[in-house]
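Throw the hints in and build the complete structure from the sequences for me.
From first to last, the protein sequence lines are chains Y and B.
Residue 1605 in my numbering sits at position 233 of the first sequence; the count goes up by one each step and never skips.
Residue 214 in my numbering sits at position 126 of the second sequence; the count goes up by one each step and never skips.
I should point out that these hints are in silico values taken from the structure, not numbers from a laboratory.
The beta-carbon is built from N, C-alpha and C at its ideal position, and this holds for glycine as well.
Coverage of chain B stretches by chain Y, computed from C-beta distances (three or more under 8 Å per stretch; other residues unrestricted):
no.	stretch
1	145-152
2	156-170
3	177-191
With a straight-line Cα cutoff of 25 Å, these simulated SDA-like cross-link-like pairs (lysine to any residue) come out:
no.	chain 1	residue 1	chain 2	residue 2
4	B	K249	Y	R1380
5	B	K249	Y	P1476
6	B	K209	B	A280
7	B	K209	Y	R1380
8	B	K209	B	R237
9	B	K209	Y	W1383
10	B	K249	Y	T1466
11	B	K209	Y	V1388
12	Y	K1516	Y	L1409
13	B	K209	Y	L1375
14	B	K209	B	K249
15	Y	K1516	Y	D1426
16	B	K249	Y	G1465
17	B	K249	Y	L1376
18	B	K209	Y	T1466
19	B	K249	Y	L1375
20	Y	K1516	Y	L1403
21	B	K209	Y	S1374
22	B	K209	Y	L1387
23	B	K249	Y	S1374
24	B	K249	Y	R1479
25	B	K209	Y	R1384
26	B	K209	Y	L1376
27	B	K249	B	A207
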Amino acid sequence: MSLLAVTRLEWRRLLVRPLAWVLAALTLAWLAWNFTLLLGGFLAGQIQNAARPDGPGFTDLVGVPLLGQLAQLAFLVVPLLTMSTIAGDRRNGTLPLLFAAGVPASRIVLGKYLAVLGWLLLWLLLTLAMPLALAHTTHIDWGKLTAATLGLVLMLAALAALGVACSSFASHPAIAAAAALILALALWGVNLGAQMAGINGGAINWLAMSTHLQPLLRGLVSSTDIVWFVLLIVLALALATRRLGTDRERG
Amino acid sequence: MTLPTAVSTGPTLRLDQLSRRRAGRPAVQNLSLTLSPGQVLGLLGVNGAGKSTTLSMIAGALRPDSGSIQLNGADFLEQPELARQLIGWLPERAPLWPELTVSEHLDAHGQLRGLHGAALKQACAAIIERLELQPLARRLAGVLSQGQRQRLGLACALLHKPALLVLDEPANALDPVQVAALRTLIREQAAAGTAVILSTHLLAEVTAVCDRVAILHEGTLRHDGAVRSDDHAALERTFFEIAMNGHTHTARAA
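Set out below in structure tokens:
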């Protein structure tokens, strides 16, 4: 029950902060504008594409690119959303209140993580509603869209875990946001140098987030990619829990 | 798991050889104390004597390096979840979430302490009425004055009817009327069987409200005895003797 109490508390804090609403409004407006542009492009090329037997459809030209744009925005949105989760409590002096309520560090971390994840999934759902609103008038490749959505869910979950971990180590929310942004970008492009040198395999490519998200956006679901995201989430949350445990020890 | 309740017959709190280092120096050393239900213990000491560290350990916010804490006979360090139901804590400066309202704070604290549904609503309504928080119920904690923050912190600590109330400088920033109301509230809690431990700088606070006083100096317990409300001068003498002798020792050592 203490997990639910922490999640509710964090969710409430998230909803009353203007930042979450401003981020939601601005990004959804941006995504809606891009959706109309993508849709316009799709409608303009519809006759040409229809003539090709394996031509790209609505999902390839509108649905997946829209999710790709959400993925780009997530690099900025998630650190801003997670920065105060633990660093804010540390700054307010409210972290000891949670410890004193007998809530273990793991539940504090998980509770806060679930609240942020809930917001992010709602954000993804509202974005998905745009292409889905046209489901009855066009043909949607459900398999491809589901795979891309799964990729986005995993990516958002991984970035949120990374953000919460950075927040647990930082003394100030702004430092947590900057650290989460830098780490996420580094994780995305860790293999860029290797790729420029013509190396397309190996451990360095496996480490990069792009290696695991792109196949999912193309509709290819592989257990390796899912495991990579799950490992990142578990590692980040374990680090955050450990850091919080140390906080309790140190005081 | 069944938690020990407030009806336990032994002492509510038992500290045994409690020690804790902070910032590389011993903040609390070998502290042993017991506190019975309905007793009010005043923890006195100069700044840095170890009062807040002691209270943080009792509240479960800080782990001791060694020693044991028993709550109603159960080992608190082995079962930190005991804090959830048995302890109410008002930390120094009453930390709050600035973006939440007064009633949202009470809801959150109630849920963290295991209250839900009708029981939570009832507890919130009762404490809001008791501490006269109705006019502030919808106000954001971030805009409250220090005295109002203190009252909200106290409400959060009392919400779940704890067996042990831990108050760190509860009279901070309260006006004389509020101080009098606080004293009445503490005596009420004690009469209902709640054990209360409070830290303060004010000797008058101790003589007015406490049954017992413990004086800490440089992390060690230097005095533990009953308080006589008519003998403020004796307490003052003891306190200054301990405080001044301690300073003399430190100066000689340096």
